[in-house]
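For the protein sequence lines, the chains are A and B, in the order given.
Going by the UniProt record's numbering, the first sequence opens with residue 1, and the numbers climb by one from there.
Going by the UniProt record's numbering, the second sequence opens with residue 1, and the numbers climb by one from there.
Note that these hints are calculated values from the structure, not bench results.
Accuracy of the hints is not assured; some may be wrong.
[As the list claims (entries may be wrong)] The calculated lysine-lysine pairs, modelled on DSBU-like cross-linking and capped at a C-alpha distance of 35 Å, are:
(1) B/Lys29 x A/Lys100
(2) A/Lys402 x B/Lys27
(3) A/Lys107 x A/Lys238
(4) A/Lys238 x B/Lys7
(5) B/Lys29 x B/Lys54
[What the hints assert, rightly or not] Not close to chain B: a few residues of chain A, all C-beta gaps over 10 Å, as computed:
(6) Pro88
(7) Gly261
(8) Asn274
(9) Ala395
(10) His398
(11) Ala406
(12) Pro433
[As the list claims (entries may be wrong)] Chain B residues, not near chain A, derived (Cβ > 12 Å throughout):
(13) Ser2
(14) Ala3
(15) Asn9
(16) Glu18
(17) Glu25
(18) Gly26
(19) Gly48
(20) Asp49
Just so it is clear, CB atoms sit at the ideal spot from N, CA and C, and this is done for glycine as well.
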Amino acid sequence: MFDERYKLAFKAYPYERSADQDASIPVRHPVVVMGGGPIGVATALDLGRQGIPVVVLDDHEGVGMGSRAICFAKRSLEIADRYGCAQPMLDKGVVWNLGKVFHDDRKVFEFNLLPEDGHKFPAFINMQQPYFEQFMIDEVRALQAQGAPIEIRGKNRVESVDVKDDHTVLNILTPDGPYTIEADWLIGCDGANSPLRSMMGLDFKGRVFQDSFLIADIRMINDSFPTERWFWFDPPFKSAGASTLLHKQPDDVWRVDFQIGWDVDRVEELKEDNIRARLDAMLGPDVEYELVWSSIYTFQCMRMDKFRHGHVIFAGDAAHQVSPFGARGANSGMQDVDNLGWKLGLVIAGKAPEALLDSYDRERIHGADENISNSTRSTDFITPKSETSRLFRDAVLHLSEKYEFARPLVNSGRLSVPCVYDGSPLNSEDGLPGGPLRTRPGAPCPDAPFQSGYLLDHLGDEFVLLGINTSVPSQLEDGGVAVKGFSVSAADDTAGHIAGRYLGDADTAVYLIRPDQHVALRMTKFDEATVRAGLRRALAKEVD
Amino acid sequence: MSALNLKPNIDGPDDFYEDLLAIHEGKSKDESDAINARLVLILANHIGDRDVLKAALEAAVA
Ligand SMILES: Cc1cc2nc3c(=O)[nH]c(=O)nc-3n(C[C@H](O)[C@H](O)[C@H](O)COP(=O)(O)OP(=O)(O)OC[C@H]3O[C@@H](n4cnc5c(N)ncnc54)[C@H](O)[C@@H]3O)c2cc1C
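If we strip away everything but chain A, and leave its shape as in the complex, we get (with noise of 0.2 Å):
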């Protein structure tokens, strides 16, 4: 009856029955999560935080065993840090600046991400994705020690659903035996295969490339591969691939990729001995090595045509799948969740319209399509598909040896950033003349020091009123929403990082900041009134 999918890593949520299986009628939540994998999790924490009540239903009973994601983006702590979960991946995270490009057997070049400085976190740390979401579940926990309203139910499959025009039936499986709930809100965090979707019976569309990649995540202590990204496009040891990803995480595991073509006996590469066929014409005969995991994977890049659908709503993989080189799947799902908290969060108290459930929508497709433009580009580069492409490639390549011009084009998957939501319906017009264009209505607010720690410290979870070099008001509310305010001096961080970030030509410069931390309206000086107006159009209510 309860078929193991895949096998655990962390046993996070035993399964434990409710009270509601025991219920005569069937019991109704605000929100209830489909799926605890890391953007279930995430959505509960967001939610719980705010004092929603949420439950997550999932058929397992903890975090999947295969590590899957590896590199998680600035962005992706930064939300974790609003959360209150950043700092364990941090320390248990590797950092990484510096990526080698190779082709065939020579070292074509060397980028360094070279992070900018005065931000909390790095560009990227690498991490086995079951860290990633054993640290969000140790916060829910903490959080229900404090009396969070959330709730995870392992082993929970759900295995129908009745969707109404405010509300969801959910038929659930346990060991127990079936019982049902309903939801005033269901989420879909069920993952790429989302049964909830096809349940649904909603689209999921895009392109499958004809490549499989092997990955063998191995633990060996050795000095001679640097914590650094190394990428082979045609690699010398042929028989290991047609490319081949090497790449460091923590307790001395090596995550390889091997691209090993289209048509492939799937049970024939994993065997054991294959895999290590393939390692060793790579490191070379006497490295020695432990297999902890591997896996073959074909991939896509799809999504939903809407998000949003009624009292329904899609995130993750659940919503959007990409290809991985790039790092786009946990981190846009991260940014999935930072976006939705608040604004279910607002309509579910009544603070806002339901149709700022539809920026959701909006944004995210948005940031979903500049994902799948992304690992598209770099899947076609990685794998070309024809001869003219292929061609193109090397000569790139050729090129990228001998003539900086030729590197930028080299694409060996580009890292995740941060989706700007340009054109979004929640935006104001810019009113700063000479305000910096990456802290434009629509950008995430980059990081910057200020006081003993940093400006993010102080910036999310509510609507922000941020003034620099003048003053704003410390608190303003309209139609019940509050927004918070303080002015800093730009003078006082000396190395001009929230100058450069945030004033660029100006003198001065108010920003109103979303609950994502994501700027919503700026200009020169304090109006209340243009303030006002661009509070109610980032909770999409009506402005006259």
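Since the structure of chain A is already known, use the hints to place chain B with the ligand on it.
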């Protein structure tokens, strides 16, 4: 924004054409194709202007 120049612009057209053929002399089809691909990239980078490049891509296909 500058426009794509489709008027004669090369000083000594016959000389240039000879030079162009010369780099392909004695090369196999595959080698020549690779050289051409590199040449396209080198010239494209030199032009840089995306509008001009777009117009050139269109002119080549038309
Ligand atoms: C090889 C590989 C490498 C990757 N590398 C990266 C990377 O470096 N960086 C990055 O950001 N991303 C990466 N990704 C993507 C990342 O792993 C996914 O984007 C991420 O796991 C998506 O999280 P999710 O919560 O949306 O879905 P999932 O992690 O798939 O979770 C879905 C959950 O729903 C549960 N579920 C399913 N059906 C039901 C049901 N009927 N009832 C109840 N529960 C159900 C499942 O058991 C599961 O727990 C990689 C992926 C792969 C395959």
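Against the structure, the hints come out as follows:
A hinted pair counts as satisfied when its Cα atoms are at most 35 Å apart, and B/Lys29 with A/Lys100 qualifies at roughly 31 Å. Taking the CA atoms of A/Lys402 and B/Lys27, the gap is about 21 Å. The hint holds against a cut of 35 Å. Distance restraint check for A/Lys107 and A/Lys238: the Cα-Cα separation of roughly 16 Å lies within the 35 Å cut-off, and the hinted pair is therefore satisfied. About 48 Å separates the Cα atoms of A/Lys238 and B/Lys7, which puts this hinted pair outside 35 Å; it is violated.
Taking the CA atoms of B/Lys29 and B/Lys54, the gap is near 27 Å; set against the 35 Å cutoff, the hint holds. Against the 10 Å criterion, A/Pro88 stays outside the reach of chain B, whose nearest CB is about 45 Å from its own CB. The beta carbon of A/Gly261 sits about 21 Å from the closest Cβ of chain B, which is more than 10 Å, so the claim that it is off the interface holds. Taking the minimum C-beta to C-beta distance to chain B, about 32 Å, the non-interface status of A/Asn274 holds against the 10 Å cut.
Once the 10 Å rule is applied to beta carbons, A/Ala395 is inconsistent with being away from chain B; the minimum gap is 4 Å. The Cβ of A/His398 sits about 6 Å from the closest Cβ of chain B, inside the 10 Å cut-off, so the non-interface label is violated. Remark: the non-interface label on A/Ala406 conflicts with the geometry, its nearest Cβ contact in chain B lying 6 Å away (cut-off 10 Å). No Cβ of chain B approaches the Cβ of A/Pro433 within 10 Å, the least distance being about 24 Å, so the stated non-interface status holds.
Residue-level check passed: B/Ser2 sits 20 Å from the nearest beta carbon of chain A, beyond 12 Å. Non-interface status of B/Ala3 relative to chain A is upheld: no Cβ of that chain comes within 12 Å, the nearest being about 23 Å off. Consistency note on B/Asn9: stated as away from chain A, and its beta-carbon is indeed over 12 Å from all of that chain's, at 22 Å minimum. Residue-level check passed: B/Glu18 sits 23 Å from the nearest beta carbon of chain A, beyond 12 Å.
Against chain A, the non-interface label of B/Glu25 holds: every CB pair exceeds 12 Å, the least being about 20 Å. At roughly 19 Å from the closest C-beta of chain A, the C-beta of B/Gly26 stays outside 12 Å, upholding its exclusion from the interface. Not every beta carbon of chain A lies more than 12 Å from that of B/Gly48, the smallest distance being close to 9 Å; the non-interface claim is violated. Residue placement check: B/Asp49 keeps its beta carbon more than 12 Å from all beta carbons of chain A (closest about 14 Å).
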